[in-house]
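Asker: Listed below, chain by chain, are the residues.
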Amino acid sequence: MAENLAGTIAERDGFIVTKGKNKKQLQCDTDSSAGCVSQRACVYCGARVVLNPITDAIHLVHGPIGCASYTWDIRGSLSSGAELYRNSFSTDLKEQDIIFGGAKKLSAAIDGLMEKYQAKLVFVYSTCIVGVIGDDLEAICSAASQKHNIAVIPVESSGFIGNKSAGYRAAGDALLRLIKPSQSAVIEKNNSINYLGDFNLAGEAWIIQNYLRQMGVELNVTFTGDSRYTALKSAPKAKLNIIQCAGSMIYMAGKMEELYQIPYIQISFLGIEDTATSLRKIAAALGEESMIAKAEALIAKETQRVEAIIKGYRTKLQGKKAAIFVGGGFKAISLIKQFREIGIDVVMIGTQTGRKEEYETINDLVDDGTVILDDANPAELEKFMMEKGANLLVGGVKERPLAYKLGIAFIDHNHDRKHPLSGFEGAVNFAEEVYSTVCSPVWNSLAKLRIEGGVTDHG
Amino acid sequence: MAEKSKDNVYYRNVNENPCNMCMPMGGILALKGIEQSMVIVHGSQGCSTYMRRHIAEHFNEPVDVGSSSLNEKGTIYGGEKNLRQALDNIMKVYHPALIGIVTTCLAETIGEDIERITGQYLIDREMEDFPIITASTPGYGGSHFEGYFFTLRRILMQLAEATEKNNKINIIIPNMSPADIREVKRILALMQIQYVLYPDFSNTLDRPFARPYTKMSDGGTKLADIKSMGGALATIQMGVTIEDAISPGKYLEEEFSVPLYNIAIPIGVEGTDAFFNTLVAITGKTIPENIKQERGRLLDGMIDSHKYNFQGRSVIFGEPEMVYAVTKTCVENGVFPAVVATGSQVGKLNELLIAAVADCPEKSKILIETDFSHIVAASKEAKVNIGIGPSDGRYLTEKGDISLVRLGFPIHDRVGGQRILSVGYTGTMMFLDRITNTLLENKYKSYRSSMYEKFYQQS
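Protein chains in written order, with the numbering used here: chain A, -4 to 454; chain B, 322 to 780.
Hints are computed from structural coordinates only; laboratory data are not their basis. Misleading hints may appear alongside valid ones.
[What the hints assert, rightly or not] Simulated restraints, written as ranges between beta carbons of each label pair:
(1) Y534/B / Q299/A: 42 to 50 Å
(2) R507/B / P436/A: 30 to 38 Å
(3) S75/A / Y765/B: 29 to 37 Å
(4) Q479/B / E6/A: 53 to 61 Å
(5) F95/A / S578/B: 49 to 57 Å
(6) D362/A / E449/B: 45 to 53 Å
(7) D359/A / D754/B: 36 to 44 Å
(8) R446/B / E427/A: 21 to 29 Å
[Claimed, not checked] Covered stretches of chain A, as calculated for chain B (at least 3 residues, CB under 8 Å):
(9) 78 to 85
(10) 88 to 97
(11) 117 to 128
(12) 400 to 412
[What the hints assert, rightly or not] Here are the simulated lysine-lysine pairs, BS3-like style, with alpha carbons at most 25 Å apart:
(13) K701/B / K111/A
(14) K383/A / K506/B
(15) K443/A / K548/B
(16) K543/B / K400/A
(17) K316/A / K543/B
(18) K543/B / K115/A
(19) K111/A / K704/B
(20) K684/B / K669/B
(21) K351/A / K276/A
(22) K378/A / K720/B
(23) K536/B / K383/A
(24) K701/B / K628/B
(25) K111/A / K99/A
(26) K720/B / K413/A
(27) K400/A / K536/B
Built from N, CA and C at the ideal position, the CB exists for glycine as well.
Start from the sequences, fold in the hints, and give me the full structure.
Answerer: Take a look at the structure:
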C-alpha cells in the first residue's frame, strides 16, 4: 500500500491515501509537521495572496524586511488602472523596534505613505513578531483611519497562528470590515453579482467578465482581481455571489450570506466542461430566460471553436499520466476534468490547503489506484510520481525544478502565471502548454544520457 | 559625500520595495555549500517556504529546506518539541552528514536557546558526534548578506579544529554564481594550488541532469576540509566590505593564526590582478601562460569597447561585495557609476565606495541600507542609462526605461542566473561585453529616430 511505503515519517501517514485500496478518511486542514519540508507558506502569505490584487490599496507589512521582500510583486494579478498594489511597503523592523515596540514606527509609516500616495485604503499586515511583541494594531489603525479619514484595516496574519488557510480567513475578515456599510446606510439591492475568488492572473477575471457581459449579467465587483476600494464598498448591493477559489473565499461568502442575504453558488472556470457548467449555473441562479438563452449561445459558439483545437492536442496526448500538486481544492478538482478533456489520467493528486469536502469530490472523480495526498513534501512527490509513472506534474515554482530534475514535464499553475488558464481561451492555453512540455523534443535527448569514449550510452 | 552622512545612511519609517532579504536566507545559501548538509529554519512554516521559493527560482534547482513549523503553542511554550521533531524527520528522510539550524525573527523574539536544545537532542539520540550547526539569524538582525557570512563564521566556530599545518589555501567566497565559483576553481587548478573553497554550492545548486535523482546533491565543501581550515597556509577571503564580527576569515586568523588576505571579488583587471598577486605571494607559484593570454585578451577587448563604455551611466545595486567589485570595474572602464546602492547595512562599503569613485569626473550618489524607491528616483535624477544588479531592479526598466544587466541574486525573471560568469579575466570580459552590448543595443534602437527628430525635423 502506498502509505506504508510513503516513508519514514509516521506523522504523514494519515495525509496520504490510495483510492480503492483503503477506506480511511484523508486527514487535511491541519498544521504542517515540523521537518516535513512542507510546500506551504504561512498565514501572512495566504492573506497577502487574497488581498494584494486590490490595486489602489497601500499594502503595508508591519514586520522585519523579509516578509515584504519575498512577496514584492511576484504575482501575476493585472490591473486596469492603479498600480499601487505592485509595491511592497514594510516598516522594516529592526532590533530596537523589537525591544521598544513598533507602534510609533507604524503610525509614522502610514503617515509617510499617505502623504506620498493619498490612497483611500491601507492594509496593515501583521507578521510573526508583531503577534509576539504585542503592538496594538487595532488601535494604531483606528487612529490612522481617523487622522487621514480613510480605511486603515489591520490584517491579523501572524505566521504562527495557523497555516495558509488561516491567512485566507484573516483576509476575509479584513474584506468584511472593508465592505461593512456605515450604520445609517441603507443597502439598495440591485441585479448585479459579485465574483469571489478570481485574482485576475494574466487577465483571467477580464475573460470571465466578458462572458458575463455577453450573457447580460452585470458584474458588481470581483474579489479581488483588479478591484478597487470604491467598487469593493458596493459589494453588499449584489444579488448573488459566485465563488471560484472556495478555499480562500467560502468563509467570506458564508458571512456575506448571513450579513447581507446574498446567496452564493460555487463555480469554476477551469476547463471547457467546468466553464460551460458554471455559466449555466449562473444563468439558472439568476433565472432570467434571456440570460439562459445567451449563455447557451455563448457556450455553443465557444465550445465549437475550441473543441477542434483541443481535439488536435488530445490525439497527441492520449494515454499520458498526470500528477497534480496545487494550492487549493477547486483547482485540483477542475484539473482532473480538464485533463480528461485532453485524454490524460491523473495518477497522483494533492493540495496545500484543500478542504474535506474537496478531497471527497477528488476521491469520487479519480480512478482507483490514484494517490491522494494533503500538504505533500518533495520526497513524497518524487516517490509517487516515479512509482505511478507520471509524465507531467502540475504545480508551482518550488515543484518545477523537482519535476525537471526527474525528467518529467511540468505545468505552471500558480499565481505567477503570465498567460490565462481560465475560460475557453484558458482551456486552449492549457492544452497547448501541456503539449509544449509533454511532447517537447528535449526528452528524447535524455534517452541518450551518457557519452563515453565517443559512444553515446542509450541506457 | 566625504563622510558617512545622513544623506546616504539613515533610519526610516518605511521601506518601499526592499533591496535586500533577511538573515536566514543568507544562512541557507551558506549551508547549501556544505557537503551533504540539510538546513532547518527554526520559525513558522512560511519563512522556509518563501526562501526555498526564491532560491529555487534563481537556481532552477530543487531546494529542500526543513522548518520547525512553529505554531501558536510553540510560540507560547517554546519550540523545543517542534525543533526536535524537525531534526528527527530531516534525519530520517535525508540522512544528512550535517544539519544547520538557522533561526528567524520569531524564534529569536521568543528567546529560543537552540544550542541547548540541539545539545540535549544529540545526547538523547546518542549521536553526540553528529555535527549540528546553529546560527542565530533573526530577520531583523541584518540582511541576507550578513546572514551568509555570519553563518559561515558559525560553521567554522563549531567545526574547525586546531590541526597540523597543511599546504592548502582557504578560499572564502561571497554569494556568487556557480559559474563564478567554477571559474575560481579552474584558476586554482591551473595554478596547481591546493585549496579549500568555502562554501561551494557550484554543484549543490547547479547540478547536472542525472538518473537516478537523489535528494541530496553531490558536491559542497567537505566536512573534513572545513575541519582542517585552521591549519591552512593562508585564507583568501573575498570579503572586503564585511565587519570583523561576522568575518569567517578573521575567526581563522584570530583562533588559528591563519594569515588573512581580504580581497574584492576578482572582477576587472585590478581586481583579478589582486587575486593572482595574492596567490603568488602566498605560494610563490608562477602565473601560467594561458592566464596571461586571457589577461591580454581582456585588455584588448577593453580597448575595443572603451568608447561605447564611456557612454554608460550606471546604477549598481545588490549585495555589498558584488556592488563594490562591479563599481571598481565600471570605473576602470569609464562606465560612470552614477548611483551605487545596497539594501544591506554593512559597515565598510561606504568608505570603500567613496575611495573607488573619487576620481570620477562627476559625483556618484551612494545609497547604503536603501530601498528601490530611492534607487529608482536617484537613477532618474542622475540620468542613468544602464542598471547592473539582480532582477529586483526590473522596475528601473519598467518605470524608468533603464536597461538592466542582470547580475547577482536573485534573478527570477530570466533563466541562467546560475550560469552568469563575471570573475577572472575571462569572466570580466564576458561581464563587460554584456554591459557594452546593452549600451549598443539601446544606441541602435533609437539613433535613427533620435537624429531624425533632433536635426531633420528642426531644419
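Asker: Evaluate each hint against the coordinates.
Answerer: For each hint, the structure was consulted:
The hint said 42 to 50 Å for the Cβ distance between Y534/B and Q299/A, and at roughly 44 Å that hint holds. The hinted range of 30 to 38 Å is satisfied by R507/B and P436/A, whose Cβ atoms lie roughly 32 Å apart. At roughly 34 Å, the beta-carbon separation of S75/A and Y765/B lies within the given 29 to 37 Å, and the hint holds. For the pair Q479/B and E6/A, the supplied restraint of 53 to 61 Å is violated, since their beta-carbon distance comes to about 29 Å.
Between F95/A and S578/B the Cβ separation comes to about 42 Å, which falls outside the hinted range of 49 to 57 Å. At about 50 Å, the beta-carbon gap between D362/A and E449/B stays in the expected band of 45 to 53 Å. A hinted range of 36 to 44 Å for the beta carbons of D359/A and D754/B is inconsistent with their spacing of about 59 Å. Taking 21 to 29 Å as the suggested C-beta distance range, the pair R446/B and E427/A does not conform, at roughly 52 Å.
A stretch counts as covered by a chain when three or more of its residues have a beta carbon under 8 Å from one of that chain; for the stretch 78 to 85 of chain A and chain B the count is 4, and the coverage holds. Interface restraint, the stretch 88 to 97 of chain A with chain B: holds (5 residues with C-beta to C-beta distance below 8 Å; minimum three). Counting residues of the stretch 117 to 128 of chain A whose CB lies closer than 8 Å to any CB of chain B gives 6, so the stated coverage by that chain holds, three being the minimum. Three residues within the 8 Å Cβ limit are the bar, and the stretch 400 to 412 of chain A against chain B gives 3, so the coverage statement holds.
The suggested pairing of K701/B with K111/A holds, with an alpha-carbon distance near 18 Å, which does not exceed 25 Å. Restraint check for K383/A and K506/B: not satisfied, since their Cα atoms lie roughly 41 Å apart, outside the 25 Å limit. Between the alpha carbons of K443/A and K548/B the distance comes to roughly 40 Å, so the proposed pair goes past 25 Å and is violated. Taking the CA atoms of K543/B and K400/A, the gap is near 24 Å; set against the 25 Å cutoff, the hint holds.
For the hint linking K316/A to K543/B, the alpha-carbon distance of about 40 Å lies beyond 25 Å, and the restraint is violated. Restraint check for K543/B and K115/A: the C-alpha separation of about 56 Å exceeds 25 Å, so the hint is violated. At roughly 23 Å between alpha-carbon atoms, K111/A and K704/B fall within 25 Å of each other, so this suggested pair holds. Of the pairs offered as hints, the one joining K684/B and K669/B holds, with about 19 Å between alpha carbons and a cut-off of 25 Å not exceeded.
For the suggested pair K351/A and K276/A, the alpha carbons sit about 23 Å apart, so the restraint of at most 25 Å is met. A threshold of 25 Å between alpha carbons decides the hint, and for K378/A with K720/B the separation of about 45 Å lies outside it, so the pair is violated. A threshold of 25 Å between alpha carbons decides the hint, and for K536/B with K383/A the separation of about 18 Å falls inside it, so the pair holds. Proposed proximity of K701/B and K628/B is supported: the alpha carbons are some 23 Å apart, at most 25 Å.
At roughly 18 Å between alpha-carbon atoms, K111/A and K99/A fall within 25 Å of each other, so this suggested pair holds. At roughly 19 Å between alpha-carbon atoms, K720/B and K413/A fall within 25 Å of each other, so this suggested pair holds. Restraint check for K400/A and K536/B: satisfied, since their Cα atoms lie roughly 10 Å apart, inside the 25 Å limit.
The structure does not agree with the numbered hints 4, 5, 7, 8, 14, 15, 17, 18 and 22 stated previously, though it agrees with the rest.
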